[in-house]
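Number of protein chains: 2
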Amino acid sequence: MASKGLMAATTKPLILTILSEGKNYGYNIIQQVKKISDGQLQWSDGMLYPVLHRLEKDGFISSEWIITTSDRRRKYYSITEAGKKELHVEREDWISLHSILKNLWGLKPTT
Amino acid sequence: MASKGLMAATTKPLILTILSEGKNYGYNIIQQVKKISDGQLQWSDGMLYPVLHRLEKDGFISSEWIITTSDRRRKYYSITEAGKKELHVEREDWISLHSILKNLWGLKPTT
DNA sequence: TTCTTATACGTAGAATATCAAGGTATGGTT
DNA sequence: AACCATACCTTGATATTCTACGTATAAGAA
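In order, the protein sequences belong to chains A and B.
The numbers in the numbering used here rise by one with no breaks, and the one at position 106 of the first sequence is 224.
The numbers in the numbering used here rise by one with no breaks, and the one at position 63 of the second sequence is 181.
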């Protein structure tokens, strides 16, 4: 529900964070995000897949097809070492930007 | 110094916040941002002006030329009512997204 | 005087990104 | 059979960023 700019800023760190907790696939990542955000973030698949492809192209995640018997094919993504580093950087960036905005907005530490 | 995605997400709320504290002009906004962020954010002018123009086109800010004697011309921007509302929305969005990431990352309230 | 730096605004264009809309296919349920 | 959920993908319109460039004046240094 957030604005475009903010949406764009959160897709990458959110995906990397979810993958840092274990391999996962596109469709399920969408469900995870919805659950984690308490329904606030409802990603469409058409929005997610291009981002996953880009992250893979950039070397932050890797993929493998897994086909279970009597199940659908799934493309599982894993975070790479480069991806872990990237996540760390994104995290630091986010925290310092939040710190700046927090000061500007005079937010209490609890928010 | 932050990533492109995060930069994009902060320009709008930062500009609106600065203007909500009083009218200001492009060149000085860049200095303000640098000061506020302790040098972390160093915006270029070529990056800021298009954003200001867009915000004005969208009705969130308004502008007026001011020429002081023995001084340069300056284009002062003011936040509009619509801009104040927009800032409020952006603020809420930011706070709720931060809350989601904070939980995911297990950050302490002080961060 | 002339050069440089700081102030102050702007645009063009390449590169990048978003996101809705549409497409394919299988499994399970009614 | 019909329908929904699962699961992946691409295209194309639109928007956005940001580098690089251009214009101009004032102040201070060489």
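Hints are computed from structural coordinates only; laboratory data are not their basis.
Each hint should be verified, as a subset may be incorrect.
Unchecked claim - Here are some, though not all, of the chain A residues that point toward chain B, as calculated from beta-carbon distances under 7 Å:
1) Ala126
2) Ser162
3) Asp163
4) Met165
5) Val169
6) Leu222
7) Gly224
Unchecked claim - Derived SDA-like pairs: lysine to any residue, alpha-carbon spacing no greater than 20 Å straight-line:
8) Lys153(A) with Ile213(B)
9) Lys203(A) with Gly224(B)
10) Lys153(A) with Trp223(B)
11) Lys202(B) with Leu170(B)
12) Lys203(B) with Lys220(B)
13) Lys193(A) with Lys220(A)
14) Lys220(A) with Ile154(B)
15) Lys220(B) with Lys193(A)
Stated by the list, open to error - Computed list of chain A residues with no C-beta within reach of chain B, every gap over 12 Å:
16) Asn146
17) Gly164
18) Lys175
19) Glu199
20) Trp212
Every residue, glycine too, gets a C-beta built ideally from N, C-alpha and C.
Quiz prompt | Contradicted hints - numbers only | solution = 2, 3, 4, 5, 7, 12, 13, 15, 20
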